[in-house]
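Participant: In the order they appear, the protein sequences are chains A, B, C and D. Just so you know, we're using the UniProt record's numbering here: the first sequence kicks off at 1 and counts up by one. Just so you know, we're using the UniProt record's numbering here: the second sequence kicks off at 1 and counts up by one. Just so you know, we're using the UniProt record's numbering here: the third sequence kicks off at 1 and counts up by one. Just so you know, we're using the UniProt record's numbering here: the fourth sequence kicks off at 1 and counts up by one.
Since the hints were derived computationally from the structure, they do not count as laboratory data. Glycine included, every Cβ here is placed at the ideal spot set by N, Cα and C. Careful, some of the hints might be misleading.
What the hints assert, rightly or not - Subject to a maximum C-alpha distance of 27 Å in a straight line, what follows is the list of computed BS3-like cross-link-like pairs (lysine-lysine): (1) LYS4/D to LYS254/A; (2) LYS230/B to LYS230/C; (3) LYS234/A to LYS254/D; (4) LYS234/C to LYS234/B; (5) LYS184/B to LYS144/A; (6) LYS144/B to LYS144/D; (7) LYS285/A to LYS254/C; (8) LYS230/A to LYS230/D; (9) LYS184/B to LYS230/C; (10) LYS295/A to LYS184/D; (11) LYS230/B to LYS144/A; (12) LYS285/C to LYS254/A; (13) LYS4/C to LYS234/B; (14) LYS184/D to LYS230/A; (15) LYS144/C to LYS254/D.
To be verified - Reference excerpt, derived from the structure (chain A facing chain B, CB under 10 Å, subset only): (16) GLU51; (17) GLN53; (18) TYR57; (19) ASN58; (20) GLN121; (21) TYR122; (22) ASP125; (23) LEU132; (24) SER141; (25) ASN160; (26) TYR250; (27) ALA256; (28) PHE284.
Stated by the list, open to error - Ranges between beta-carbon positions, derived for each pair: (29) ASN33/A to THR3/D: 44 to 54 Å; (30) ASN251/B to PRO131/A: 31 to 41 Å; (31) ALA97/C to THR3/D: 44 to 54 Å; (32) ASP21/A to ASN158/B: 42 to 52 Å; (33) THR3/B to ASN33/A: 56 to 66 Å; (34) ALA97/C to ASN251/B: 31 to 41 Å; (35) ARG69/A to LYS294/B: 53 to 63 Å; (36) GLU157/A to ASP286/D: 29 to 39 Å.
Number of protein chains: 4
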Amino acid sequence: MFTKPLRGIIPPVITPMIDNDTLDVIGLENLLNRMIKGGVSGVFILGTSGEAQNISYNVRKELIKETCRIVEKRIPVLVGITDTSFSESLLLAANAALYGADALVAAPPYYFAPGQAELIQYYNDLANQLPLPLFLYNMPSHVKVMIEPETVLALSENPNIIGLKDSSANGVYFQKLIYLLRNKPEFTLLCGPEEMTAEVILMGGHGGVNGGANLFPELYVALYDAAASKDFEKLAELQSQVLRVSLSLYNIGKYASSYIKGVKTALNLLGVCSDYMAEPFHKFKDAERAVVKKKLIELGLDI
Amino acid sequence: MFTKPLRGIIPPVITPMIDNDTLDVIGLENLLNRMIKGGVSGVFILGTSGEAQNISYNVRKELIKETCRIVEKRIPVLVGITDTSFSESLLLAANAALYGADALVAAPPYYFAPGQAELIQYYNDLANQLPLPLFLYNMPSHVKVMIEPETVLALSENPNIIGLKDSSANGVYFQKLIYLLRNKPEFTLLCGPEEMTAEVILMGGHGGVNGGANLFPELYVALYDAAASKDFEKLAELQSQVLRVSLSLYNIGKYASSYIKGVKTALNLLGVCSDYMAEPFHKFKDAERAVVKKKLIELGLDI
Amino acid sequence: MFTKPLRGIIPPVITPMIDNDTLDVIGLENLLNRMIKGGVSGVFILGTSGEAQNISYNVRKELIKETCRIVEKRIPVLVGITDTSFSESLLLAANAALYGADALVAAPPYYFAPGQAELIQYYNDLANQLPLPLFLYNMPSHVKVMIEPETVLALSENPNIIGLKDSSANGVYFQKLIYLLRNKPEFTLLCGPEEMTAEVILMGGHGGVNGGANLFPELYVALYDAAASKDFEKLAELQSQVLRVSLSLYNIGKYASSYIKGVKTALNLLGVCSDYMAEPFHKFKDAERAVVKKKLIELGLDI
Amino acid sequence: MFTKPLRGIIPPVITPMIDNDTLDVIGLENLLNRMIKGGVSGVFILGTSGEAQNISYNVRKELIKETCRIVEKRIPVLVGITDTSFSESLLLAANAALYGADALVAAPPYYFAPGQAELIQYYNDLANQLPLPLFLYNMPSHVKVMIEPETVLALSENPNIIGLKDSSANGVYFQKLIYLLRNKPEFTLLCGPEEMTAEVILMGGHGGVNGGANLFPELYVALYDAAASKDFEKLAELQSQVLRVSLSLYNIGKYASSYIKGVKTALNLLGVCSDYMAEPFHKFKDAERAVVKKKLIELGLDI
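Chain A with its partners taken away, still in its complex shape (with noise of 0.2 Å):
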């Protein structure tokens, strides 16, 4: 197990396959490899940039198989469970324990929006019956409900519900969530849109769950110890490139899955692994693929 609460750069792995039904498991060995050279602290697979939700159950269950293999308790292993089905999700989670996993992340269920006296009582049930420690997942652009500050304290009380990965971009929920978790210091608050991730270290949080570490870990890394260690100049530094990477590459084409998109055509241009992506998306054609690599020279790399 881990110490608590966990810190430093957690990537949301994203799933390479080569198919609506095939892992691409050497580029999967060649991502994890590479994060973990690059220093990360835990990888967090399953999650929305693992397009977790589109992928069927089989290649899931597979992917914790392989990710546990490869990982070799180098590292923790996060797994999303993430279900409208909460017997789904139990057996996501018996599988992850099976495998070696070290923990789960379970955002809402996604179909009706729960309200908060819901939430408190599935997310309970759910921790009651998981064979690992669980992790909140907020996520409400895709979710359509936040999980509340006040929520998240009474959820804290549970002793297998040992963190949150926050992904609603506001700053005001971050910092409402140290402040009411500040008499329970190993609750572990993850930050996910890398853009902010910086400043929330500086104020108290503990790490980054950064979809751009799947490309770029070391600098995340950086990134993470420079904010940690209150490297401000070190940080200016690293703040730009970080921000220089996110406008580059995330929006390229038009729709709200251009971020997935933009990463695993990065990915696949520096030789990392496949490019596929899950139904209902499609990877780049060639003219996004062309601006992807003007972009990935332009932020100097050599491709």
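Starting from the known structure of chain A, fit chains B, C and D onto it as the hints suggest.
Facilitator: Positioned in the frame of chain A, the structure of chains B, C and D alone reads:
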């Protein structure tokens, strides 16, 4: 196969359950036979009212099997295959074909919000691989996107896409569909909300997928008949009854799930089936149950 | 005073302007006389279509004065007093009374989103101080809140609140209103969107506040008459024409303001009035104007 | 004129009123002098906290005049001119210039939701006609649109647009602004929400427009100083106090207006000014007032 367009009342069947992993098969039998006796033109299982997203795939498959067995080809069975994972939709569809269902229904993938061009590609890819014809399902409150009228028009070119159920409650949307699809008289246009089904029929729509028809199938069938035959005297009386049901039973309790809870509790009080709700929801407690009972008595039910 | 409920077509009059601070009085005269000749039952100035919020109070007051002068009591004049400031609403209302208008119309204050209890107090406070009877105006897309059906029912107790215009396009909402207000036959229920006005009339609504009636008043009056007399043959033909107008003219250009721009450009091409738009909007440039012209010709207009 | 960028705490001044049409001038004097004594760098009147949209233009103009008289050039006065009507914004601006204010602040027109291209034209048209420099005001919860980072960058080319206040609470948005405007060191970037002001200052933002500074100006000035000087020990203590204020006072009652009601009630209990709220809102009743009092005592205030 059924005559196209499909006309009349096709209830979105609630899913009677004993616990999270066990179907209430006797309750299902009561429910379906009661609907068929009430004159419905078909049944739609595994929709929003059926809590499809919240129940396990095993229960979903059992529900398909049992429904087809009970209905025994007396009326068409429509099966919801809405899923964020393309592969899981195909698996559900294969089960529907295996057990003798007549058609499939799919709302857009509901985690990432797709763009309209993405929807066109998704639905064509899906329909081309399905063993049964497909109804589109517009459900923006849960899915975050509308299937825009022009998108529906484009998809109506696919011979395996045969209709649409609209649950947006948006009257302008439905009228645009009626107009844009005026040259495709076999393309079925169904209205979800029972409060506006009558007017949609008057204007040229084909039927209603009304949750209240779980409870009072005769009422909604009579409403459809009155609207289809333009019997305005009867229609006024029936529309009032439909609104009384809606305003009495669907807003007890304070969550988005209160409509299904109300229907399930009422069915249980009427002796039809269990009122268990799949996680993350929970059936009404005694206080709300007493309100439902009182409302049913006010509606003239003898319970 | 007019007979209650107010029935028929009451166009939401666009505001002809020469520049940001100057009314196009001759254009207004053309526009209003054309409407009255077309058989409308009233006019509604200073609504959303009238760009009320975007024009100065001086122009708003001049528009009230000129409209009342031109209409000369031939039909009722309804004046929008929607404002975030209570005092400014009262001032506009005083002007309306001074120049002989017949009724007032107010959407909820639209900066802060008020709760339903706040709305009840607000509307009662307002109606109690108004010199003329008030129509509520439900416009959630611009105002961020619905005036819930139960709120309307509560407000209908105020003798100075005599009706409601609904621009939500929500068919369930309108049917709930018809049902809840069934014992107040004098309370007027008007439908904003022209695409669903026919069905609302068929179900017991009283009229339409249809933007297209700025352009083709006879068409919408004929639609109302066909629906009110349940002449379904005529209705089918007229409804098709109404949808053709809507799909041809309201979505040119890509902004929320395209509907008003389309109507104003068409009116200018028809020789009725100026197409100037108040800041922050701007009239169509040549390219879009050419599209409007083409669409008008396709609609059979001789321009 | 002030040095650019404007740094420090600039409270969004609440508007003390005696009734809907009467300013509480003595209360305003107390409030402003208390702030200046507390070390604020400027004041911003007629913003969201100032209920600008809800008060009449006469009161708004009187407020401008009285504020400028009381402040007497000791600190810069920023005046909100946010309006749906361009002409009314210009009139407010003319008053601000007449009485000696230093700058203007404008959120987008908030009835129709404008597109980004429309925003660029609108703000350039406005700034080009204003007698004083302009701050943009990003307030999507009330205005329905974001002023996108690229739009801000484009507008920063206008020499009369000198900064932006962001009330979105979106941390990614603010970091994008800091990065995109890195070559415009005089362009002021201010943070609305007090809970995230410290981190924004740490990352290179210039100041906070914090509602709580109406109540406790010294606290927010000290927070700014600690962040600006990177004194993390002090900052941790002050940030806790800021969060305590926020969680104690801003969520009493259940409406969107509860934040302003909380601040006004607290100021009244502290003996500073009246707690009257302009329509459509109403000051707290006794029950909520008692809660505010209790919370102030818990915060250590001697009342």
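Participant: With reference to the structure, classify each hint as holding or not holding.
Facilitator: We went through each hint and held it up to the structure:
1. Of the pairs offered as hints, the one joining LYS4/D and LYS254/A is violated, with about 37 Å between alpha carbons and a cut-off of 27 Å exceeded.
2. For a cut-off of 27 Å, the pair hint linking LYS230/B to LYS230/C stands: about 9 Å separates their Cα positions.
3. Using a Cα cut-off of 27 Å, the hinted pair LYS234/A and LYS254/D is violated, with the two alpha carbons roughly 45 Å apart.
4. Using a Cα cut-off of 27 Å, the hinted pair LYS234/C and LYS234/B holds, with the two alpha carbons roughly 23 Å apart.
5. Proposed proximity of LYS184/B and LYS144/A is contradicted: the alpha carbons are some 36 Å apart, above 27 Å.
6. Restraint check for LYS144/B and LYS144/D: satisfied, since their Cα atoms lie roughly 17 Å apart, inside the 27 Å limit.
7. Between LYS285/A and LYS254/C the CA atoms are separated by roughly 25 Å; this keeps the pair inside 27 Å, and the hint holds.
8. For the hint linking LYS230/A to LYS230/D, the alpha-carbon distance of about 9 Å falls within 27 Å, and the restraint holds.
9. A hinted pair counts as satisfied when its Cα atoms are at most 27 Å apart, and LYS184/B with LYS230/C qualifies at roughly 25 Å.
10. A distance of roughly 24 Å separates the Cα atoms of LYS295/A and LYS184/D; the hinted pair therefore holds under the 27 Å criterion.
11. Between the alpha carbons of LYS230/B and LYS144/A the distance comes to roughly 41 Å, so the proposed pair goes past 27 Å and is violated.
12. The straight-line distance between the Cα atoms of LYS285/C and LYS254/A is roughly 25 Å, inside the 27 Å bound, and the hint therefore holds.
13. Using a Cα cut-off of 27 Å, the hinted pair LYS4/C and LYS234/B holds, with the two alpha carbons roughly 26 Å apart.
14. Proposed proximity of LYS184/D and LYS230/A is supported: the alpha carbons are some 25 Å apart, at most 27 Å.
15. With a CA separation close to 17 Å, the supplied pair LYS144/C and LYS254/D stays within the 27 Å bound.
16. At a threshold of 10 Å, the smallest CB-CB gap from GLU51/A to chain B is about 8 Å, leaving the interface hint in force.
17. A hinted interface residue such as GLN53/A counts as satisfied when its beta carbon comes closer than 10 Å to some beta carbon of chain B; here the least separation is about 4 Å, so the hint holds.
18. A least Cβ separation of about 7 Å between TYR57/A and chain B falls short of the 10 Å threshold, and the interface hint therefore holds.
19. A cut of 10 Å between beta carbons decides the hint on ASN58/A: the least distance to chain B is about 8 Å, and the hint holds.
20. Here the hint on GLN121/A is kept, as its CB sits about 7 Å from the closest CB of chain B, short of 10 Å.
21. The closest approach between the C-beta of TYR122/A and any C-beta of chain B is roughly 4 Å, which is under the 10 Å cut-off, so the hint is satisfied.
22. The restraint placing ASP125/A at the interface with chain B holds, with a minimum CB-CB distance near 6 Å, inside the 10 Å limit.
23. Of the supplied interface hints, the one on LEU132/A is violated, with its beta-carbon coming no nearer than about 19 Å to a beta-carbon of chain B, more than 10 Å.
24. About 8 Å separates the beta-carbon of SER141/A from the nearest beta-carbon of chain B, less than 10 Å, and the hint is met.
25. For ASN160/A, the shortest C-beta to C-beta distance to chain B is roughly 16 Å, which exceeds 10 Å, and the interface hint is violated.
26. Restraint check, TYR250/A versus chain B: the minimum CB separation of about 14 Å is more than 10 Å; hint violated.
27. A least Cβ separation of about 5 Å between ALA256/A and chain B falls short of the 10 Å threshold, and the interface hint therefore holds.
28. A distance limit of 10 Å between C-beta atoms decides the matter here; for PHE284/A the minimum to chain B is near 13 Å, and the interface restraint is violated.
29. Under the hint 44 to 54 Å, the C-beta atoms of ASN33/A and THR3/D, about 52 Å apart, fit the expected range.
30. The hinted window of 31 to 41 Å between ASN251/B and PRO131/A holds, with their beta carbons roughly 39 Å apart.
31. Between ALA97/C and THR3/D the C-beta distance comes to about 52 Å, which sits within the given range of 44 to 54 Å.
32. For ASP21/A and ASN158/B, the hinted distance range of 42 to 52 Å is not satisfied, since their beta carbons lie about 23 Å from each other.
33. Under the hint 56 to 66 Å, the C-beta atoms of THR3/B and ASN33/A, about 60 Å apart, fit the expected range.
34. Checked against the given bound of 31 to 41 Å, the beta carbons of ALA97/C and ASN251/B, roughly 39 Å apart, stay inside it.
35. At roughly 59 Å, the beta carbons of ARG69/A and LYS294/B sit within the given window of 53 to 63 Å.
36. Checked against the given bound of 29 to 39 Å, the beta carbons of GLU157/A and ASP286/D, roughly 34 Å apart, stay inside it.
Comparing the model with each earlier hint shows violations of hints 1, 3, 5, 11, 23, 25, 26, 28, 32; every other hint is respected.
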